[in-house]
Amino acid sequence: MAKRVLVVEDNELNLKLFCDLLRAHGHEVMPLRDGRDVLRQARDFRPDLVIMDIHLPHVSGVDLIISMKADGELSPVPIMAVTAYAGKGDEDRIRSAGADAYVSKPISVLRFVEQVNALL
Numbered sequence: 001m002a003k004r005v006l007v008v009e010d011n012e013l014n015l016k017l018f019c020d021l022l023r024a025h026g027h028e029v030m031p032l033r034d035g036r037d038v039l040r041q042a043r044d045f046r047p048d049l050v051i052m053d054i055h056l057p058h059v060s061g062v063d064l065i066i067s068m069k070a071d072g073e074l075s076p077v078p079i080m081a082v083t084a085y086a087g088k089g090d091e092d093r094i095r096s097a098g099a100d101a102y103v104s105k106p107i108s109v110l111r112f113v114e115q116v117n118a119l120l
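Take the sequence shown: its position 90, counted from the start at 1, is 90 in full-length UniProt numbering, and no numbers get skipped.
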């Protein structure tokens, strides 16, 4: 059964890669480039999973994760954080914000798919 995945990513190539991979595995995808619309779009789309870039223009992916986990309607939705800036302590900080999984860029396609499958 197809799952609904909200993908929040400002990099066009990464967004296309993530969405193509998810569609190839039978999932319905909603791509978002602007994090400022995430809460409203997530409530409308009702995703089974959110893939969240951490470094977005206008708003931090960490702040969005915190907001989603504080929202009664969205809090049960698992979030997979994806970031190119994987520094020491970043994974702990991102997981403490509420992320259920953490993948660093450049992504391994196999690892990405495994993490998605583990969360769905």
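Among the clues, some could well be false.
Below, simulated DSSO-like cross-link-like pairs (lysine-lysine); rule was C-alpha separation at most 30 Å, straight line [what the hints assert, rightly or not]:
{"#": "1", "residue 1": "K88", "residue 2": "K69"}
{"#": "2", "residue 1": "K69", "residue 2": "K105"}
{"#": "3", "residue 1": "K16", "residue 2": "K3"}
{"#": "4", "residue 1": "K16", "residue 2": "K69"}
{"#": "5", "residue 1": "K3", "residue 2": "K69"}
{"#": "6", "residue 1": "K16", "residue 2": "K88"}
{"#": "7", "residue 1": "K105", "residue 2": "K16"}
{"#": "8", "residue 1": "K105", "residue 2": "K88"}
{"#": "9", "residue 1": "K105", "residue 2": "K3"}
Label pairs and their computed distance ranges (CB to CB) [what the hints assert, rightly or not]:
{"#": "10", "residue 1": "I66", "residue 2": "L120", "range": "32 to 38 Å"}
{"#": "11", "residue 1": "E73", "residue 2": "E28", "range": "27 to 33 Å"}
{"#": "12", "residue 1": "M1", "residue 2": "R93", "range": "31 to 37 Å"}
{"#": "13", "residue 1": "A2", "residue 2": "S60", "range": "29 to 35 Å"}
{"#": "14", "residue 1": "K69", "residue 2": "D34", "range": "18 to 24 Å"}
What the hints contain is simulated information worked out from the structure, not anything from laboratory work. Each residue gets a CB set at the ideal place from its N, CA and C atoms; glycine is no exception.
Tested hints:
{"no.": "1", "hint": "K88 x K69", "verdict": "holds (24 Å)"}
{"no.": "2", "hint": "K69 x K105", "verdict": "holds (23 Å)"}
{"no.": "3", "hint": "K16 x K3", "verdict": "holds (18 Å)"}
{"no.": "4", "hint": "K16 x K69", "verdict": "holds (26 Å)"}
{"no.": "5", "hint": "K3 x K69", "verdict": "holds (20 Å)"}
{"no.": "6", "hint": "K16 x K88", "verdict": "holds (28 Å)"}
{"no.": "7", "hint": "K105 x K16", "verdict": "holds (14 Å)"}
{"no.": "8", "hint": "K105 x K88", "verdict": "holds (15 Å)"}
{"no.": "9", "hint": "K105 x K3", "verdict": "holds (23 Å)"}
{"no.": "10", "hint": "I66 x L120: 32 to 38 Å", "verdict": "violated (22 Å)"}
{"no.": "11", "hint": "E73 x E28: 27 to 33 Å", "verdict": "violated (19 Å)"}
{"no.": "12", "hint": "M1 x R93: 31 to 37 Å", "verdict": "holds (34 Å)"}
{"no.": "13", "hint": "A2 x S60: 29 to 35 Å", "verdict": "holds (30 Å)"}
{"no.": "14", "hint": "K69 x D34: 18 to 24 Å", "verdict": "holds (20 Å)"}
When the structure is compared with the earlier hints, violations turn up for hints 10 and 11 and for no others.
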